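J.: This is what each chain is made of:
Number of protein chains: 4
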Amino acid sequence: MGNSLGKLFTITSFGESHGRGVGTIIDGCPAGLAITEADIQRELDKRKPGGSIATTVRKEADKVEILAGIFNGKTTGAPICLVIWNQDVDFSEYERIRFLPRPGQADYTAFMKYGGFNDFRGGGRFSGRVTATLVMGGAIARKLLKLLKIEVMAHTIEIGGIRAKAKGLDEIRENRNKNPLRCADLKATEEMVKAIEAVKKEGDSLGGIIEGIALNVPAGLGEPIFDTVDGELARALLAIPAVKGVEFGAGFSAASKKGSENNDPFTLKNGRIVTTTNNAGGILGGISNGMPIIARVVIKPTPSIAKSQPTVNIRDMENASLTIKGRHDVCIVPRAVVVVEAMMTITLCDLAMRAGLIPRVIK
Amino acid sequence: MGNSLGKLFTITSFGESHGRGVGTIIDGCPAGLAITEADIQRELDKRKPGGSIATTVRKEADKVEILAGIFNGKTTGAPICLVIWNQDVDFSEYERIRFLPRPGQADYTAFMKYGGFNDFRGGGRFSGRVTATLVMGGAIARKLLKLLKIEVMAHTIEIGGIRAKAKGLDEIRENRNKNPLRCADLKATEEMVKAIEAVKKEGDSLGGIIEGIALNVPAGLGEPIFDTVDGELARALLAIPAVKGVEFGAGFSAASKKGSENNDPFTLKNGRIVTTTNNAGGILGGISNGMPIIARVVIKPTPSIAKSQPTVNIRDMENASLTIKGRHDVCIVPRAVVVVEAMMTITLCDLAMRAGLIPRVIK
Amino acid sequence: MGNSLGKLFTITSFGESHGRGVGTIIDGCPAGLAITEADIQRELDKRKPGGSIATTVRKEADKVEILAGIFNGKTTGAPICLVIWNQDVDFSEYERIRFLPRPGQADYTAFMKYGGFNDFRGGGRFSGRVTATLVMGGAIARKLLKLLKIEVMAHTIEIGGIRAKAKGLDEIRENRNKNPLRCADLKATEEMVKAIEAVKKEGDSLGGIIEGIALNVPAGLGEPIFDTVDGELARALLAIPAVKGVEFGAGFSAASKKGSENNDPFTLKNGRIVTTTNNAGGILGGISNGMPIIARVVIKPTPSIAKSQPTVNIRDMENASLTIKGRHDVCIVPRAVVVVEAMMTITLCDLAMRAGLIPRVIK
Amino acid sequence: MGNSLGKLFTITSFGESHGRGVGTIIDGCPAGLAITEADIQRELDKRKPGGSIATTVRKEADKVEILAGIFNGKTTGAPICLVIWNQDVDFSEYERIRFLPRPGQADYTAFMKYGGFNDFRGGGRFSGRVTATLVMGGAIARKLLKLLKIEVMAHTIEIGGIRAKAKGLDEIRENRNKNPLRCADLKATEEMVKAIEAVKKEGDSLGGIIEGIALNVPAGLGEPIFDTVDGELARALLAIPAVKGVEFGAGFSAASKKGSENNDPFTLKNGRIVTTTNNAGGILGGISNGMPIIARVVIKPTPSIAKSQPTVNIRDMENASLTIKGRHDVCIVPRAVVVVEAMMTITLCDLAMRAGLIPRVIK
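Protein chains in written order, with our numbering: chain W, 337 to 699; chain R, 337 to 699; chain A, 337 to 699; chain D, 337 to 699.
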């Protein structure tokens with residue numbers, strides 16, 4: 337249960353960190369959409385640890401393979417199955433800590449929920465590696481949103497308490513790909529790099545905030561009162577491990593504003609109704625209003641740290657301490673940027689289909 | 337579309353602010369649960385404007401009527417239909433401003449989505465009045481959670497930038513019902529009252545933050561990776577008009593913490609595994625860990641203010657200005673507290689049913 | 337659980353035979369559709385016992401009331417709530433037989449499923465009266481299908497073993513409304529009437545077969561492999577109490593045909609691809625092929641008969657015998673015709689929406 | 337859309353006849369269930385053409401491979417992914433007839449629905465080969481139903497108009513596996529074999545009827561009014577290509593019975609309430625009554641025949657004739673028996689989970 341998302345454009349995720357592989361089924365994609373493995377690979381590569389200072393995890397080729405649903409380079413209307421085979425799977429370390437749940441990870445809750453039958457190796461189903469299945473789904477959705485000229489982009493706006501300066505859309509679009517932290521404020525990036533290096537030495541980790549922006553979303557997406565743009569986005573974004581909160585537009589800062597400050601006045605611009613501010617983050621009453629959709633998510637600091645931590649041996653029911661060995665991202669924020677993009681893309685694609693904006697056959 | 341929530345315990349909301357009434361269908365409630373109209377009325381009454389300083393809206397009896405699904409005082413296993421008939425429905429004002437979408441409200445987006453066919457009177461389907469349908473669903477869910485000894489309570493923690501001091505559970509439980517703002521910090525409450533009085537004179541409004549707490553939730557609720565406790569809660573909470581963000585546990589503050597600070601160490605307490613801190617807000621990997629579930633939502637300042645605001649006449653496509661007359665809540669935070677409670681209750685009830693914790697017949 | 341049907345055009349049924357009333361929520365109906373209570377009443381009236389020889393049940397006005405979702409005579413995009421208030425509710429008889437489950441009825445299974453908490457009066461939720469909620473949903477769906485020029489009509493083809501001769505579409509369209517049995521073969525109708533009169537004297541009952549036909553359904557409806565036209569229709573038709581089987585096109589007779597006899601050859605007709613026979617009943621691979629969709633359902637003989645029947649007293653767990661008093665339809669086939677039509681209409685409407693054929697706003 | 341079935345026990349089917357392979361995702365299977373590839377292979381092998389007289393299709397090893405969700409021989413609670421790689425894929429013939437839709441097949445409707453982008457090779461997504469994905473799902477569900485001691489078995493009761501004599505449960509259980517036609521009446525089997533041999537010489541094909549029986553189903557399964565046992569079974573069974581009708585218990589024969597003949601009287605047997613007949617097929621009001629569930633499906637004669645057939649060239653829009661070469665089952669009824677079993681098993685498993693009868697962790 338719980339491994340499918342979406343009503344008309346549906347993704348189903350499967351696979352574990354250290355099993356045969358991880359994969360995605362996309363059901364509901366219109367027929368006739370041109371898709372190559374390269375299209376999907378391009379997105380997957382953004383998720384790679386690469387040479388980033390923040391990340392040092394295992395080296396996986398993460399090569400996508402299309403198993404079904406695409407024929408002669410185009411979608412067929414049948415479910416699309418995409419898979420990445422696992423290769424670099426050393427799980428001796430996980431055998432050692434099997435009964436020592438890592439604080440901040442899902443080890444304990446998975447053990448409780450699945451009666452200890454869960455695949456614990458590398459976090460199994462709860463591994464960050466599973467986000468690759470989301471990115472693959474996002475790569476397909478991105479192609480569909482392109483038909484509507486909707487652009488979704490995310491960028492790092494905070495790491496370890498260091499906040500990036502607000503930047504214009506063009507600067508964000510350009511700068512975020514210029515640096516390994518995917519931050520548009522290159523000055524702040526330098527400070528973030530220093531902060532990451534410092535905690536790395538301590539064997540500790542950092543979190544941060546990612547902002548996702550969707551441009552050219554037409555007014556009218558979202559199905560109130562429950563299947564709202566914000567509700568659906570929040571649910572999808574919280575599927576990303578480590579996300580602990582989501583806000584839209586002014587978000588939590590709205591709590592200290594007055595109505596007259598927070599309301600976005602309507603005005604005409606080139607014959608189109610726009611708002612002069614965007615505290616609503618493009619969403620009113622759960623429906624898109626045509627302004628940029630702005631979502632922000634907080635990523636908690638990576639729970640796997642080198643420092644010793646108190647835990648409980650769940651087999652022997654004894655207090656214990658745990659030191660996690662091996663390779664871990666000091667800060668996953670930069671790698672999560674592409675996942676935030678994927679989840680926003682998938683969600684908006686599904687909502688666009690529900691609103692009848694995407695044809696069933698692409699010609 | 338979009339008016340149903342839940343997989344096994346499903347609520348469907350219907351009705352408009354100025355139509356015949358508003359109502360809820362609850363499908364999936366086990367048979368044999370004792371329910372009276374008084375049980376539901378008690379929750380509805382908490383949503384009432386009452387004598388609160390913050391609220392001055394229309395006086396509705398808001399009397400619930402059971403239309404179906406309850407027989408001899410007990411649920412039958414058939415869908416439960418609860419309705420509140422509308423009485424106090426003066427909508428002359430809404431005719432006047434029909435083509436002048438109120439900034440911060442759903443007038444414009446509803447107009448765009450439904451081609452102008454939406455019932456615009458009093459915000460129609462987007463009225464805060466529709467939250468009564470959520471509260472009714474919550475009243476049923478609350479009875480079911482009681483069987484599991486799960487307690488859900490919400491309280492105001494911030495209004496107009498004034499933050500309440502953190503209080504213990506007992507103090508929250510007791511104090512929040514002692515004052516009209518439903519805040520456990522009685523000192524802060526006084527300041528909040530002053531802030532509300534001040535903006536009221538200005539014809540302006542205030543927002544705030546509500547914290548919801550669920551106690552005694554067993555470990556193991558939530559269906560990763562998409563139907564997580566946090567994802568489902570967020571989606572449900574964002575159905576409340578004016579909520580612009582949701583966070584769990586440490587929430588956005590986790591962005592500036594180190595992993596060693598944010599991780600909650602496990603320890604044994606009376607033979608049970610607990611965490612010594614609760615930055616996770618009771619949720620790890622989307623699954624409850626047995627600690628209190630802590631969710632916080634931001635409520636934007638009431639968009640309906642007395643001040644003149646710029647808008648666009650959507651019939652004539654001309655810039656215009658709008659002054660809203662009539663009765664409006666200066667700050668809906670206190671009334672939203674019960675709605676936050678309802679949405680958490682409904683969501684946890686559905687997740688408990690998915691986890692197989694609630695029998696199909698209550699004996 | 338189980339009281340909602342449809343993915344984009346969703347109906348939720350509620351209410352019991354002897355409670356406050358029965359009703360329907362329709363969620364997902366496009367905005368701007370003109371709907372009056374008269375439109376719905378017209379369909380409801382077809383379900384009335386009327387002066388038919390076959391039926392003698394209680395006299396209910398069955399007046400529909402619109403509670404939500406329609407404003408100024410048009411749908412708003414919000415959920416539509418339609419209700420019929422119960423009036424003629426004498427349930428003394430049901431108290432008497434409360435623990436004597438009627439053979440062929442749902443008394444026993446409802447008792448087992450809901451632990452005896454079900455509203456047993458008049459069959460409660462399992463009453464034929466609940467089909468009025470389906471007919472109301474069908475009345476809305478019919479208006480939407482009209483936009484696509486799709487026509488759905490059902491007619492009686494067999495009662496008590498007497499089979500009507502096959503008739504042309506025009507004859508069916510015309511004749512079925514000319515006689516209380518809704519049969520297009522007026523000769524056979526006479527025999528059916530005699531058969532009904534005969535069993536009525538015996539205190540017994542009869543069943544029959546209804547054929548539903550959908551014309552002008554475009555090729556391409558249906559979502560294989562599970563949400564097929566035939567699968568969705570069958571599920572919807574089996575929601576009608578007393579239906580015990582569904583077949584499409586040649587149906588069960590295909591078992592004794594050869595492939596060369598059963599295959600429908602394709603040919604061109606006025607530049608359009610058609611089949612020269614229609615053994616497929618308009619459905620190939622779960623997808624409509626543009627030919628008339630032909631579904632046939634068997635209605636079992638009314639289980640409520642005047643004859644004494646063996647049963648078990650479920651309170652005392654003793655064998656017992658039961659004689660049901662009161663008014664009962666000798667043959668519900670004629671009244672079920674409109675319900676078959678409703679279920680086909682609702683299902684095709686939902687499938688047409690999934691296929692993207694119905695706009696979200698009707699202009 | 338449409339490739340998932342089930343609410344709590346969900347299967348998602350993917351893959352095409354001549355692509356990389358076909359597969360199934362099972363989401364919602366409880367953790368701790370022992371499953372080996374052999375368990376699944378055993379069911380798959382029943383679907384094999386084998387040495388049967390009726391079938392001569394391509395020789396595929398049809399070896400299942402577990403890709404996810406099973407760890408150390410037990411389910412983990414994560415989605416299970418099972419795949420069969422395609423091997424014997426000669427599709428030159430299909431290129432030849434690409435624009436000549438085969439009568440009785442989904443070629444034409446798939447072309448229309450997916451704008452010609454569907455994978456047409458071997459019927460692609462509409463191939464009988466896809467039923468292997470259903471059988472794999474059924475193999476898992478069967479293990480779960482075994483926990484409840486529910487037994488599902490299907491057998492051939494008619495081929496080419498030759499009807500098997502009714503047999504007792506023991507005889508069915510034993511005999512159906514003794515002969516390639518999976519018929520319990522060994523005498524009738526001989527006649528069926530002769531009929532098949534005869535039409536084979538003509539280059540023609542035969543259909544038939546399969547009966548599925550579920551034993552030990554507890555009373556109380558099914559969620560009226562839409563998610564009924566019969567409705568859900570029918571929808572699932574109609575996912576099997578070539579099924580054109582479904583009936584329960586007395587089925588279509590009920591149309592010519594009187595109520596007094598068709599009603600199943602209740603009586604006590606060993607302290608348990610049973611019915612003395614089973615015209616209801618174990619289902620009353622959409623809910624199981626504890627008696628054997630009896631479903632019958634009609635399988636149309638295999639549409640792929642060697643005889644020349646009229647069709648239309650859909651590229652050139654010209655009448656044409658088609659002779660299909662290659663290997664085809666003369667009668668797929670025997671192979672469909674295991675698929676009927678699978679679909680009944682999957683559906684009852686899902687309904688048992690909804691009724692709360694299967695724990696979330698198997699210990």
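Take the hints with a grain of salt, since some may be wrong.
[As the list claims (entries may be wrong)] Simulated pairs of lysine-lysine, BS3-like, Cα-Cα distance not exceeding 30 Å:
1) R:Lys343 to R:Lys479
2) R:Lys343 to D:Lys343
3) R:Lys536 to W:Lys593
4) W:Lys593 to W:Lys384
5) W:Lys661 to R:Lys605
6) W:Lys343 to A:Lys343
7) D:Lys384 to A:Lys593
Hints are computed from structural coordinates only; laboratory data are not their basis.
Keep in mind the model is a prediction, meaning the values are calculated, not measured.
J.: Each hint: holds or not?
T.: A quick look at each hint next to the structure:
1. R:Lys343 to R:Lys479: 18 Å, holds
2. R:Lys343 to D:Lys343: Satisfied, since the Cα-Cα distance of roughly 8 Å is no more than 30 Å.
3. R:Lys536 to W:Lys593: OK: Lys536 of chain R and Lys593 of chain W at ~14 Å, within 30 Å.
4. W:Lys593 to W:Lys384: 40 Å, violated
5. W:Lys661 to R:Lys605: 27 Å, holds
6. W:Lys343 to A:Lys343: 8 Å, holds
7. D:Lys384 to A:Lys593: Holds, at about 24 Å.
When each numbered hint is compared with the structure, a violation occurs for hint 4 only.
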